[in-house]
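Count along the sequence shown from 1, then add 2; that gives the number in my numbering.
Accuracy of the hints is not assured; some may be wrong.
To be verified - Calculated cross-link-like contacts (lysine-lysine; reagent style DSBU-like; alpha-carbon spacing at most 35 Å):
| no. | residue 1 | residue 2 |
| --- | --- | --- |
| 1 | 333 | 50 |
| 2 | 36 | 85 |
| 3 | 211 | 79 |
| 4 | 207 | 312 |
| 5 | 261 | 344 |
| 6 | 312 | 333 |
| 7 | 152 | 79 |
| 8 | 207 | 176 |
| 9 | 85 | 160 |
| 10 | 79 | 176 |
| 11 | 265 | 85 |
| 12 | 333 | 47 |
| 13 | 261 | 176 |
| 14 | 202 | 273 |
| 15 | 152 | 85 |
| 16 | 202 | 160 |
| 17 | 179 | 202 |
| 18 | 176 | 47 |
| 19 | 211 | 273 |
| 20 | 202 | 312 |
| 21 | 50 | 207 |
| 22 | 292 | 47 |
| 23 | 176 | 334 |
| 24 | 50 | 261 |
| 25 | 211 | 152 |
| 26 | 25 | 36 |
Simulated from the structure, these hints should not be mistaken for laboratory data. As the structure is a prediction and not an experimental result, all values here were calculated from the model.
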Amino acid sequence: MRKLVSSNNDMPVYFYDKVKYSKTVPEYYKEHIKSKAEQCNETLKSIKNGALFGFFTDSHVAPSRLTCVSLFKELGKTTPLDKVFFGGDIPWAFGEDQECLDDSIMFFELCENMKESVNLYYARGNHDIKTRHAPGTREGYVMPYDELCKTIMGYNSKGTVGPDGTMYYYVDDKENKVRYIVLDTWFSPSLEEDALWGTKFGMEKEEIKWLVNDALRIENGGEGWDIVAFGHVSCIPEVQSYESFLDCIAEIFTDFKNKRNGKYGDFTNEKSDFVAYICGHNHVDNDAVKDNTLFISTSSSAPLQDDVWKRVVGTVDEELFDVFVIDKDNKKLKAIRVGAGKDREFNY
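Given only the sequences and the hints, what does the whole structure look like? Please build it.
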C-alpha cells in the first residue's frame, strides 16, 4: 500500500514510494513557468476577443511526479487562467487493488491544491478507476459505476451542468462566451471478455441525446459563443488511437461545425462555433482537420516516453501540458506548451 503523508506546514510534500510530490513549484521550473506566464499574458493582450484554458491528461500515477499541480496553480496566480481540464487516466496500469485506490485518491487530493487558484474538471479515462494485477492477466479491480461517478464528480469544481449520476457535463464561461463540454467516452464498467481494462469504448444513447439536445444548444442560438469539447479517446482515424465506436462524436461535431441537418440532429439554425475536440489516451501530440472540424490530442503528463519528446525527471521536460488561447475574432486556437514539446497553433 502506498501512503500519503505531509511534512511541515511551510512546505507540504507527498511521498509515494520514493517519489516526492510538492505543492510548490520546483526550483528547476521557476524560470520556465515565469516565461510561460508572460507568454500567456502577452498572447492575450494581442487578442481583442478570446479566452484561456488549460488541459493535461494521462497522469498515470506512479511514473508521474504531478509537477503540473504546482505549475497550474502558479499560472492561475500570474495569468487570467481559471479553468483546467484533465483528460483522464489517473492510476498506473498495474498494481494491487488497494494501491490503485490509494493512488487515485492521492491524485485527487493533491489536485485539490490546484483549485486554490484555478477550477479543475475531470474526464474519465479507461484506467479510471481500475487496475490489473499483472501484464497478461485480466484479474484486477474495477470500481463500480455509481461509486466511480460519485468519486470523480465529487472532486470537480462547481459550475458543471449535466444529468445526475453521470460523468458528462458542460461548464460555461459566460464572460467570454465559451462553453466547455466534457464527454464520457466509455460505457459503464464491464467485466466482459472484450472490455479494455474493464471498460468498453462508446457512448450511451442517453449521452448522445444529451449532447445533441442540451450541451450543443445555447440560449438564443449561441450567437457569439464558441464551444470546446473534451474526451479521453480520439474519435477520428486521422488522430491516433481512434475507436470506431466513437464515430458518433465526430459525426455530431462535424455536422454542428458545418451547420447541417445530420443523422443525430439538426444544427442548421445554431450560431455558436465549434473550436475543437481535445483528447488524450494515445500519449502523443497529434491533430487533424476533418470536414472543416479540428481534432487534437495532447501527450501524457506522465514521462512515459511514448511521444517524440525526451522526458527527463528533475528537468522542465519531466512534465507536459498545454495552455490554450482562443482567438475568437481570427478563429485561431493557440496551444502554449509547458514542459516538453513545442507550441502549436490551429485554425478553426
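For each hint, the structure was consulted:
Between residue 333 and residue 50 the CA atoms are separated by roughly 12 Å; this keeps the pair inside 35 Å, and the hint holds. With a C-alpha separation of about 19 Å, the suggested pairing of residue 36 with residue 85 holds against the 35 Å cut-off. As the CA atoms of residue 211 and residue 79 are separated by approximately 38 Å, the hinted pair breaks the 35 Å bound. Restraint check for residue 207 and residue 312: the C-alpha separation of about 41 Å exceeds 35 Å, so the hint is violated.
For the given pair, residue 261 sits about 33 Å from residue 344 by alpha-carbon distance, which is consistent with the 35 Å threshold. For the given pair, residue 312 sits about 32 Å from residue 333 by alpha-carbon distance, which is consistent with the 35 Å threshold. Distance restraint check for residue 152 and residue 79: the Cα-Cα separation of roughly 29 Å lies within the 35 Å cut-off, and the hinted pair is therefore satisfied. Simply put, residue 207 and residue 176 have alpha-carbon atoms about 29 Å apart, close enough for the 35 Å limit, and the pair holds.
Taking the CA atoms of residue 85 and residue 160, the gap is about 11 Å. The hint holds against a cut of 35 Å. The straight-line distance between the Cα atoms of residue 79 and residue 176 is roughly 21 Å, inside the 35 Å bound, and the hint therefore holds. This hinted pair checks out: residue 265 and residue 85 have alpha carbons roughly 33 Å apart, not beyond 35 Å. Straight-line distance between C-alpha atoms of residue 333 and residue 47 comes to about 16 Å, which keeps the hinted pair within the 35 Å bound.
Distance restraint check for residue 261 and residue 176: the Cα-Cα separation of roughly 23 Å lies within the 35 Å cut-off, and the hinted pair is therefore satisfied. At most 35 Å may separate the alpha-carbon atoms for a hinted pair to count; residue 202 and residue 273 meet this at roughly 34 Å. In summary, the hint linking residue 152 to residue 85 is supported, as the alpha carbons are separated by about 21 Å, within the 35 Å threshold. Taking the CA atoms of residue 202 and residue 160, the gap is near 28 Å; set against the 35 Å cutoff, the hint holds.
Straight-line distance between C-alpha atoms of residue 179 and residue 202 comes to about 34 Å, which keeps the hinted pair within the 35 Å bound. Note on residue 176 and residue 47: the hinted pairing holds, with a Cα-Cα distance of about 20 Å set against a maximum of 35 Å. Proposed proximity of residue 211 and residue 273 is supported: the alpha carbons are some 20 Å apart, at most 35 Å. The hinted pair formed by residue 202 and residue 312 meets the criterion: a straight-line CA distance of about 32 Å does not exceed 35 Å.
Our distance criterion of 35 Å between C-alpha atoms is broken by residue 50 and residue 207, whose separation comes to about 39 Å. As the CA atoms of residue 292 and residue 47 are separated by approximately 31 Å, the hinted pair is consistent with the 35 Å bound. Of the pairs offered as hints, the one joining residue 176 and residue 334 holds, with about 20 Å between alpha carbons and a cut-off of 35 Å not exceeded. This hinted pair checks out: residue 50 and residue 261 have alpha carbons roughly 26 Å apart, not beyond 35 Å.
Note on residue 211 and residue 152: the hinted pairing holds, with a Cα-Cα distance of about 22 Å set against a maximum of 35 Å. The straight-line distance between the Cα atoms of residue 25 and residue 36 is roughly 17 Å, inside the 35 Å bound, and the hint therefore holds.
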